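Heads up: the sequence shown runs through residues 7 to 253, numbered per our numbering.
Hints were generated in silico from the structure; no laboratory data involved. In this text the structure is predicted, and so the values were computed from the model without any measurement. Incorrect hints may have been included.
Stated by the list, open to error - Calculated cross-link-like contacts (lysine-lysine; reagent style PhoX-like; alpha-carbon spacing at most 25 angstroms):
(1) 253 <-> 142
(2) 138 <-> 83
(3) 197 <-> 97
(4) 253 <-> 97
(5) 83 <-> 173
(6) 197 <-> 253
(7) 173 <-> 253
(8) 138 <-> 173
(9) 98 <-> 253
(10) 97 <-> 173
(11) 97 <-> 59
(12) 59 <-> 98
(13) 173 <-> 197
(14) 142 <-> 173
(15) 98 <-> 173
(16) 197 <-> 98
(17) 142 <-> 83
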Amino acid sequence: MTQDGFIPIEVNERSRTDIVERGFSRQPLRVDEEIARTLDALSHAAWSMARDKYYDGGDRYRSLNRLCAEVVEGGVKVSLIEESTPYVQLKKYNTTIGDVPREYAPLPQEVAGAAGVRKIIAYHLSYLPLSKVGAKYLVNMHVIRFTARPGRPCDTSPPGLHKDGEKYIVTHLLSRCGAVGGEVVITDNDKHEIDRFTMRESGECYVFDDDRVWHMLTPVAVLQGNEFAYRDTLAFDMLPEGWEPPK
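Work out the full structure, taking the sequences as your base and the hints as a guide.
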């Protein structure tokens, strides 16, 4: 990575083809030492995040940072945006807490702006179908921890199959411990199942075009005999400049 945020990238054509053909891909993240260190640092940072006060159905913790990116010849430029504004989803997409401005504390700049974070963003942005040279994106970076205790699982909001009202969404597993559940389900717009899987490896990821699929996560609960469980993820909303969700 250069000082101007430029990251050279070899485009993953298989991921691009997957998204064009079915709106979804599960190609592996290409990991180097900086990316591996970043995944570890984000997992540790999850222990210090504030509880999500907008979710009462379980114990969830999350942060929000914003970055900007531009696709250029041979790679992607990625920069951290220091100021943070509330996160808002339309009621159409989030029937439980939609239209509510939600404020989440950002992770420290040395974590959220690390070279590994920028490399991950550049890797995924480079293969998106709208990523022609000159394309610009706003990137919302979420680290989310689902925790569970006996009799108190943790679910998404809204639960069940839903859309998020973002354009492209990429989700990575950071860590998982003592948990059962947390199965990802992806369907097409007719709600015919495309894939169903449980992520277990740090860095394991999937990406989808929110316009073209529905998705859900089954509740995270404690494995029998345990007193506590958690599942940490790193998610990016990748929003092309000028794009707006269907209303």
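Evaluated hints:
no.: 1; hint: 253 <-> 142; in the structure: 22 angstroms, holds
no.: 2; hint: 138 <-> 83; in the structure: 13 angstroms, holds
no.: 3; hint: 197 <-> 97; in the structure: 21 angstroms, holds
no.: 4; hint: 253 <-> 97; in the structure: 10 angstroms, holds
no.: 5; hint: 83 <-> 173; in the structure: 19 angstroms, holds
no.: 6; hint: 197 <-> 253; in the structure: 20 angstroms, holds
no.: 7; hint: 173 <-> 253; in the structure: 13 angstroms, holds
no.: 8; hint: 138 <-> 173; in the structure: 16 angstroms, holds
no.: 9; hint: 98 <-> 253; in the structure: 7 angstroms, holds
no.: 10; hint: 97 <-> 173; in the structure: 16 angstroms, holds
no.: 11; hint: 97 <-> 59; in the structure: 18 angstroms, holds
no.: 12; hint: 59 <-> 98; in the structure: 21 angstroms, holds
no.: 13; hint: 173 <-> 197; in the structure: 18 angstroms, holds
no.: 14; hint: 142 <-> 173; in the structure: 13 angstroms, holds
no.: 15; hint: 98 <-> 173; in the structure: 15 angstroms, holds
no.: 16; hint: 197 <-> 98; in the structure: 18 angstroms, holds
no.: 17; hint: 142 <-> 83; in the structure: 9 angstroms, holds
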